[in-house]
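Colleague: Protein chains in written order, with the UniProt record's numbering: chain A, 1 to 409; chain B, 1 to 409; chain C, 1 to 409; chain D, 1 to 409.
These are calculated hints, taken from the structure and not from any lab test.
Source: prediction; values computed, not measured.
Don't take each hint at face value.
The list treats identical chains as one, so a pair stands whether inside a single copy or across any two.
Unchecked claim - Restricting the straight-line Cα-Cα distance to at most 30 Å, the calculated cross-link-like pairs of lysine-lysine (DSBU-like) are:
| id | residue 1 | residue 2 |
| --- | --- | --- |
| 1 | Lys275 | Lys409 |
| 2 | Lys285 | Lys341 |
| 3 | Lys110 | Lys341 |
| 4 | Lys234 | Lys7 |
| 5 | Lys285 | Lys35 |
| 6 | Lys206 | Lys409 |
| 7 | Lys341 | Lys294 |
| 8 | Lys206 | Lys7 |
| 9 | Lys206 | Lys280 |
| 10 | Lys294 | Lys35 |
| 11 | Lys280 | Lys137 |
| 12 | Lys285 | Lys409 |
| 13 | Lys285 | Lys53 |
| 14 | Lys285 | Lys340 |
| 15 | Lys280 | Lys341 |
| 16 | Lys206 | Lys341 |
| 17 | Lys35 | Lys289 |
| 18 | Lys275 | Lys97 |
| 19 | Lys137 | Lys340 |
| 20 | Lys294 | Lys234 |
| 21 | Lys234 | Lys409 |
| 22 | Lys340 | Lys7 |
| 23 | Lys294 | Lys110 |
| 24 | Lys7 | Lys137 |
| 25 | Lys110 | Lys7 |
| 26 | Lys409 | Lys294 |
| 27 | Lys234 | Lys340 |
There are 4 protein chains.
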Amino acid sequence: MPETLIKVDLTQSAYENDSVHNRWHPDIPMVATVKPGDDFIIETYDWTGGFIKNNDSADDVRDIDLSIVHFLSGPIGVEGAEPGDLLVVDLLDIGAKPDSQWGFNGFFSKQNGGGFLTEHFPLAQKSIWDFEGLFTKSRHVPGVRFPGLIHPGLIGCLPDPRLLATWNERETGLIATNPTRVPGLANPPFGPTAHMGRLAGEARDKAAAEGARTVPPREHGGNCDIKDLSRGSKIYFPVYVPGAGLSMGDLHFSQGDGEITFCGAIEMAGWVHLKVGLIKDGMAKYGIKNPIFKPSPITPRYDDYLIFEGISVDEAGAQHYLDVTVAYRQACLNAIEYLKKFGYSGAQAYSILGTAPVQGHVSGVVDVPNACATLWLPTGIFEFDINPGADGPTRYLDGSVEMPLSPDK
Amino acid sequence: MPETLIKVDLTQSAYENDSVHNRWHPDIPMVATVKPGDDFIIETYDWTGGFIKNNDSADDVRDIDLSIVHFLSGPIGVEGAEPGDLLVVDLLDIGAKPDSQWGFNGFFSKQNGGGFLTEHFPLAQKSIWDFEGLFTKSRHVPGVRFPGLIHPGLIGCLPDPRLLATWNERETGLIATNPTRVPGLANPPFGPTAHMGRLAGEARDKAAAEGARTVPPREHGGNCDIKDLSRGSKIYFPVYVPGAGLSMGDLHFSQGDGEITFCGAIEMAGWVHLKVGLIKDGMAKYGIKNPIFKPSPITPRYDDYLIFEGISVDEAGAQHYLDVTVAYRQACLNAIEYLKKFGYSGAQAYSILGTAPVQGHVSGVVDVPNACATLWLPTGIFEFDINPGADGPTRYLDGSVEMPLSPDK
Amino acid sequence: MPETLIKVDLTQSAYENDSVHNRWHPDIPMVATVKPGDDFIIETYDWTGGFIKNNDSADDVRDIDLSIVHFLSGPIGVEGAEPGDLLVVDLLDIGAKPDSQWGFNGFFSKQNGGGFLTEHFPLAQKSIWDFEGLFTKSRHVPGVRFPGLIHPGLIGCLPDPRLLATWNERETGLIATNPTRVPGLANPPFGPTAHMGRLAGEARDKAAAEGARTVPPREHGGNCDIKDLSRGSKIYFPVYVPGAGLSMGDLHFSQGDGEITFCGAIEMAGWVHLKVGLIKDGMAKYGIKNPIFKPSPITPRYDDYLIFEGISVDEAGAQHYLDVTVAYRQACLNAIEYLKKFGYSGAQAYSILGTAPVQGHVSGVVDVPNACATLWLPTGIFEFDINPGADGPTRYLDGSVEMPLSPDK
Amino acid sequence: MPETLIKVDLTQSAYENDSVHNRWHPDIPMVATVKPGDDFIIETYDWTGGFIKNNDSADDVRDIDLSIVHFLSGPIGVEGAEPGDLLVVDLLDIGAKPDSQWGFNGFFSKQNGGGFLTEHFPLAQKSIWDFEGLFTKSRHVPGVRFPGLIHPGLIGCLPDPRLLATWNERETGLIATNPTRVPGLANPPFGPTAHMGRLAGEARDKAAAEGARTVPPREHGGNCDIKDLSRGSKIYFPVYVPGAGLSMGDLHFSQGDGEITFCGAIEMAGWVHLKVGLIKDGMAKYGIKNPIFKPSPITPRYDDYLIFEGISVDEAGAQHYLDVTVAYRQACLNAIEYLKKFGYSGAQAYSILGTAPVQGHVSGVVDVPNACATLWLPTGIFEFDINPGADGPTRYLDGSVEMPLSPDK
């Protein structure tokens with residue numbers, strides 16, 4: 001077996017593990033160094049460092065301090081990596097920790113993070129998903145079962161100081177346009193809950209105060225939450241600092257396009273088996289700004305879908321201009337209404353869209369003023385027939401099972 | 001063979017064909033009536049009614065009066081269809097007219113329509129794509145060849161008066177926010193170039209003055225430009241008027257997600273073989289607002305892709321909030337930069353993204369403030385290897401072939 | 001549109017069309033000549049030249065004189081083709097004749113041809129399959145509907161005299177081991193019903209007497225009945241005579257692996273749009289004896305199958321040694337027994353296996369003494385659920401529809 | 001984590017593990033009992049019990065006593081299972097033992113087992129395949145790398161006495177037709193090397209003397225070596241004895257259709273996570289004689305293949321009658337000749353066909369006298385381009401790497 005370079009103990013606080021960090025900063029010290037061609041294993045906490053529990057209450061989802069996320073394992077140094085190179089990462093395999101064969105999905109309260117449909121689901125809710133080998137199912141969302149499209153929600157290399165400054169500048173600039181908005185437009189650096197890995201003392205405090213939050217995807221990749229970065233895929237990352245500094249975390253057993261539920265996909269603690277290589281000066285050679293990747297040859301496949309359309313007219317009937325975000329929201333809402341006809345609660349339907357490998361396509365984006373987005377729901381994940389028919393829908397669920405909900409305090 | 005209910009003669013002006021119309025209005029008379037269970041054939045013009053020619057000049061793309069589009073064949077009445085029903089449409093097959101085995105793709109001038117990347121490609125350009133049975137290739141874009149994912153860009157049922165009023169109200173309201181913008185935010189009703197089918201006299205003039213333009217997708221479907229509504233798919237359309245009134249046109253031999261080039265996909269004249277059925281009261285039974293559909297079991301398939309990421313920070317570095325439109329634009333621009341390294345001009349690369357079956361995914365849409373979109377480029381459409389490698393890209397094209405361009409007058 | 005080099009008139013006898021032949025012989029004159037890079041269209045009769053009719057009697061299947069088959073269109077000469085080359089054939093598209101949107105499937109009487117399961121279905125039976133665009137269904141086999149995997153059952157180049165002599169020698173040698181067997185072990189040359197194209201007079205008679213029958217697949221390809229040589233595929237044929245001499249026919253709208261019903265797949269008259277190229281000296285360069293090919297990128301796809309196993313112990317319990325033919329027969333019989341539980345007659349089930357795109361795999365062929373073959377039945381072709389479940393099968397069919405049967409005279 | 005019901009220690013002789021057996025007999029005692037609905041883990045030895053080593057000599061392949069195979073883990077009793085039921089087995093996941101991340105493939109000497117192409121490769125050879133997460137590659141077969149299609153080569157339930165008698169009778173009958181053949185036509189019961197699990201004393205000796213060998217697939221499934229029984233699949237097994245008695249082993253990391261190399265696929269020690277259920281009286285309800293199954297939704301997929309044809313004329317030119325076994329052998333030999341043009345030795349090419357997920361199809365089986373079989377080689381497993389082209393093949397391999405060979409002693 002390949003060497004495990006970073007281990008995590010799920011019974012220990014992530015803050016006590018110095019191979020972990022939760023901010024992006026060029027000064028975070030490498031915790032291990034590998035050579036191009038090496039393969040190795042990295043263990044990770046779930047993105048919240050174990051805050052969310054396997055139980056039937058959404059209190060933890062309601063009460064979490066979101067400034068603590070995401071707990072990342074790394075950074076890993078790669079010998080010979082220099083700024084301008086492409087770091088080639090093969091995700092050879094990914095899995096849940098053997099002693100933690102479950103994951104969680106939820107919606108944050110609108111007061112604490114929100115989500116894509118937070119106006120419709122403003123309160124904290126949670127569902128627990130148990131793993132059965134390649135498959136998952138939930139005691140809170142009956143009638144669905146599907147194989148995992150396992151992937152890291154977050155992976156990327158350390159920024160250099162200039163890139164870090166750009167990030168902080170443009171995001172704090174956005175916040176400044178509406179600083180009291182709930183939920184906030186973005187998350188500024190926040191020292192008190194920063195975990196800067198092995199950085200210590202004054203250097204640590206300075207970096208903590210300016211370290212970029214891990215929430216958004218950025219030029220380096222980071223928290224892209226792309227479900228297709230799954231085990232078996234190959235990613236080409238821009239390198240900004242000597243040694244690259246690869247970190248990762250936020251593992252998902254499965255997720256739908258958009259990760260619309262925000263808290264989040266099916267979130268889990270686990271391990272990643274990966275291999276690294278380099279393309280010297282690859283950023284210039286290939287004109288690369290953001291990472292590019294090739295998908296896995298071994299993923300769950302579906303041939304049959306039910307596809308929902310949405311256009312950029314919002315729920316209130318207001319017209320937006322070629323706005324795919326609005327259009328995709330409408331497609332999601334349309335799918336939820338449909339699923340409710342079979343007996344799901346709206347929350348359960350929302351949870352399915354956040355966890356199952358639904359596809360979200362930018363279908364049309366030039367026909368002014370309406371963008372058109374489509375939500376592809378794989379019919380094979382359901383244990384009953386969800387296709388439309390002349391006789392109308394059958395209610396397969398009796399409503400006796402519901403997702404835990406915790407009202408705002 | 002099934003009956004051909006509507007014929008079009010490509011040598012005749014579309015305005016002279018009274019089974020054709022180019023506005024949406026409930027008063028447009030049915031041109032034929034069918035029963036549930038019937039299958040039949042409908043011929044259509046290309047969306048411009050033949051204005052764009054198979055030649056090596058983009059003058060026609062520059063000079064077209066866009067108020068004439070789209071020329072639709074219909075409406076077809078369906079016996080027994082009533083408001084609130086779902087009209088089930090099987091697209092049994094679709095093809096180009098035997099005497100017109102070619103299509104066009106282009107970019108409108110920013111002064112006359114624009115497109116998704118109009119800031120980068122502000123001038124009229126055109127490429128011609130020849131069909132070879134199931135496949136297409138272009139004398140203006142060498143190095144790619146792929147089978148068609150043939151579909152109607154535009155298909156849907158007539159609106160009722162209330163829905164029509166809603167459309168016009170919200171779109172003219174948007175225009176009013178910036179009435180002099182070029183290109184315009186939306187297109188208001190415009191009588192002079194309206195073709196109202198068999199409607200005549202005063203009734204015609206009244207309807208022409210209020211008929212909704214065909215450009216945007218709306219609640220009824222319409223100009224969705226969803227590449228996956230391909231031959232073999234099954235669509236469930238909301239019905240608003242007695243008889244449904246199904247119209248279609250804007251056939252595409254192939255298109256990428258987003259139809260980003262706007263003028264358009266690979267546009268063609270052709271025919272649609274379809275079959276209709278009804279789900280009585282289906283809108284309420286299934287909670288349907290927009291059409292839903294099931295994809296075709298027989299489409300071109302690719303297992304290998306090169307995937308480009310984009311985030312909602314625009315080309316100028318400005319930060320946008322969870323804006324998938326901006327993110328998808330960045331993914332497209334990233335793909336274009338990559339393809340240029342192999343010898344393509346930017347215009348050729350843009351054309352590939354508009355015509356080939358690229359996928360555009362809403363990958364992440366909750367990680368404030370950045371949305372993440374991905375552009376999936378199928379590697380199998382290229383006649384050479386476009387994968388990244390340690391040696392850097394090989395220039396397979398020598399730049400001797402370019403797409404016609406016509407400067408603004 | 002490309003040129004149609006060979007036309008067939010379905011109202012005319014195939015014997016009267018001199019661009020058609022039904023034997024393999026090097027002396028058959030080319031009926032047209034093309035250049036490498038050309039694309040063109042070839043029309044073909046169905047394999048029986050129109051003998052089998054679209055009606056509800058199997059008398060024609062019982063009474064056909066099988067020495068007349070297969071009526072092939074060609075041979076086409078290719079400029080520059082020489083023995084030892086590979087002729088590269090792109091099947092750009094294939095379709096049924098517009099005035100003949102149907103096909104037939106049947107079982108020959110054991111007295112006249114037989115079939116793979118002739119011991120179980122010894123009498124002539126027939127089903128008619130109507131085409132609906134990309135799809136087909138049968139009034140004789142309810143409950144299934146599927147898109148076509150259209151392909152030529154028979155395509156290949158003319159043999160040279162030495163190859164022809166080899167064929168006749170080895171096949172007559174086999175016949176000699178049991179000359180009175182019914183059905184026969186093979187088919188020897190037979191002059192009286194030979195159609196030698198444009199060959200006339202004495203030369204015609206000599207060639208007719210020695211022309212190889214078209215029934216078996218051989219080194220040159222020929223009657224391979226490989227369902228995957230479908231439209232969109234690319235085939236590399238060995239060339240034996242100057243000009244290659246490409247002929248084709250026996251078009252199938254769809255077929256299962258094995259073409260087990262023998263009369264045959266879904267047989268149809270139609271057209272092939274193809275393109276030719278050459279690899280000079282390709283046979284030696286690539287070590288080619290039989291044709292090789294690449295499958296089509298656009299075929300009907302299924303992700304869900306029900307798979308039946310068979311081993312090389314025959315229906316009577318007799319043990320055979322690593323005999324895949326016996327094993328596949330058992331898998332087919334197992335599938336038929338299964339389908340009967342849902343209400344199909346055995347004949348209908350047999351017809352489904354012969355026409356639908358079932359896969360037949362050589363799964364294990366070394367575990368003495370039993371070969372293991374598997375029959376993959378796509379579940380998506382059925383209009384009801386054929387999966388096993390705890391409650392046992394539901395009879396979806398009431399037996400009121402049956403396939404026509406004509407007892408031996 | 002689910003309970004591990006059977007553990008194996010790779011440093012211990014399989015004969016010393018009483019949860020293991022290597023013969024089929026109804027009297028072998030259950031080693032554990034589960035309930036319908038339970039999921040659990042079973043560890044297994046490789047099929048030889050560890051005889052074949054991870055080294056660069058084929059001596060072990062040459063010298064193995066094949067009467068010791070296969071070492072199976074089980075039998076597992078299922079509460080409530082009765083003869084006539086179907087045992088539903090979900091293969092939830094399968095993997096290699098963490099301390100044994102490699103597998104072997106080889107050819108037996110013709111003097112000791114042989115293989116599908118033993119006339120062409122009569123001597124013992126071996127290749128070692130290392131696992132890298134989901135992928136495998138071999139130091140003895142350069143230029144290929146592919147994800148595993150992991151499956152148990154052997155799984156099934158205990159026979160009842162009548163079925164056991166049938167097996168022994170028909171196989172010894174076959175042997176009697178040519179008792180001195182090398183390799184043998186089949187393998188009779190053989191007590192000396194039998195491992196009868198927990199059966200002891202006289203009962204053990206009696207059962208050992210009559211226990212059926214595990215080599216062939218039979219009515220109960222058993223050693224089917226079907227590559228598609230992969231992790232994620234669902235199998236329906238006939239039950240013959242109370243409690244069912246499910247045993248399994250012979251795990252493969254990957255295999256091509258036919259397992260043509262016989263020693264064997266990529267053979268490994270590992271574990272199976274499975275779940276069981278029952279369909280009461282399912283054999284009669286569904287007309288089941290052999291197992292049926294549904295494939296996994298998550299397997300390696302390939303869209304591009306190079307396909308080789310073979311007909312039932314053998315290497316010596318002899319004509320066989322509709323013999324798929326002969327036809328598939330020709331297709332395999334054709335593929336090997338092709339691969340040799342790129343620099344592979346014949347042995348390496350043979351090994352690729354035995355290990356990679358090649359498909360073997362029964363393409364035509366009625367066109368007397370020739371069966372037609374096809375061998376589908378996925379092009380994506382190669383690290384270079386193996387497609388034919390106008391310029392002929394490039395030799396990517398220089399012959400410096402070869403597979404170990406051990407001449408007969």
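Colleague: The structure should be examined with respect to each hint, and the outcome stated for every one.
Modeller: So, going through the hints one by one against the coordinates:
1. In this homomeric assembly, Lys275 and Lys409 never come within 30 Å of each other (Cα to Cα): the closest approach is 46 Å inside a single copy and 43 Å across copies.
2. Only between protomers do Lys285 and Lys341 lie at most 30 Å apart by alpha-carbon distance; the minimum there is 7 Å, versus 53 Å within a single protomer.
3. For the identical chains of this complex, Lys110 and Lys341 are intra-copy neighbours only, at 26 Å inside a copy versus 45 Å across copies, given an alpha-carbon limit of 30 Å.
4. Taking the closest pair of Cα atoms, Lys234 and Lys7 come within 30 Å of each other only inside a single copy of the chain (23 Å); across copies the shortest separation is 35 Å, beyond that limit.
5. Proximity of Lys285 and Lys35 under a CA criterion of 30 Å is satisfied intra-copy only: 22 Å inside one chain copy versus 41 Å between copies.
6. For the homomeric pair Lys206 and Lys409, neither the shortest alpha-carbon distance inside one copy (35 Å) nor that between copies (58 Å) is at most 30 Å.
7. Taking the shortest alpha-carbon separations for Lys341 and Lys294, only the inter-copy value of 18 Å comes in at or below 30 Å, while the best intra-copy value is 38 Å.
8. In this assembly of identical chains, Lys206 and Lys7 lie within 30 Å of each other by CA distance solely inside one copy; the values are 27 Å within and 53 Å between copies.
9. Within a single copy, Lys206 and Lys280 get their C-alpha atoms no closer than 32 Å, and across copies no closer than 67 Å, so neither meets the 30 Å cut-off.
10. Proximity of Lys294 to Lys35 under the C-alpha cut-off of 30 Å is restricted to the intra-copy arrangement: shortest distance 22 Å within a copy versus 40 Å between copies.
11. Within a single copy, Lys280 and Lys137 get their C-alpha atoms only as close as 44 Å, which misses the 30 Å cut-off; across copies the closest is 25 Å, which meets it.
12. For the identical chains of this complex, Lys285 and Lys409 are neighbours neither inside a copy (54 Å) nor across copies (38 Å), given an alpha-carbon limit of 30 Å.
13. Within a single copy, Lys285 and Lys53 get their C-alpha atoms no closer than 46 Å, and across copies no closer than 38 Å, so neither meets the 30 Å cut-off.
14. Taking identical chains as interchangeable, the C-alpha atoms of Lys285 and Lys340 lie at most 30 Å apart only when they sit on different chains, with a minimum of 11 Å there against 51 Å within one chain.
15. Taking the closest pair of Cα atoms, Lys280 and Lys341 come within 30 Å of each other only across two copies (16 Å); inside a single copy the shortest separation is 55 Å, beyond that limit.
16. For the identical chains of this complex, Lys206 and Lys341 are neighbours neither inside a copy (54 Å) nor across copies (41 Å), given an alpha-carbon limit of 30 Å.
17. When the C-alpha separation of Lys35 and Lys289 is checked against a cutoff of 30 Å, the pair qualifies only within one copy, where the shortest distance is 24 Å, while the shortest distance between copies is 47 Å.
18. For the homomeric pair Lys275 and Lys97, the shortest alpha-carbon distances inside one copy (20 Å) and between copies (20 Å) are both at most 30 Å.
19. With identical chains, the CA atoms of Lys137 and Lys340 are at most 30 Å apart within one copy only, with a shortest distance of 19 Å there and 34 Å across copies.
20. In this assembly of identical chains, the alpha carbons of Lys294 and Lys234 lie at most 30 Å apart whether taken from the same copy (5 Å) or from different copies (26 Å).
21. When the C-alpha separation of Lys234 and Lys409 is checked against a cutoff of 30 Å, the pair qualifies neither within a copy, at 44 Å, nor between copies, at 47 Å.
22. Taking the closest pair of Cα atoms, Lys340 and Lys7 never come within 30 Å of each other, the shortest separation being 43 Å inside a single copy and 43 Å across copies.
23. Proximity of Lys294 and Lys110 under a CA criterion of 30 Å is satisfied in neither setting, with 36 Å inside one chain copy and 34 Å between copies.
24. With identical chains, the CA atoms of Lys7 and Lys137 are at most 30 Å apart both within one copy (27 Å) and between copies (27 Å).
25. Taking the closest pair of Cα atoms, Lys110 and Lys7 never come within 30 Å of each other, the shortest separation being 34 Å inside a single copy and 50 Å across copies.
26. Taking CA atoms no more than 30 Å apart as the test, Lys409 paired with Lys294 passes in neither setting, with 45 Å inside one copy and 44 Å between copies.
27. In this assembly of identical chains, the alpha carbons of Lys234 and Lys340 lie at most 30 Å apart only when taken from different copies (22 Å versus 38 Å within one copy).
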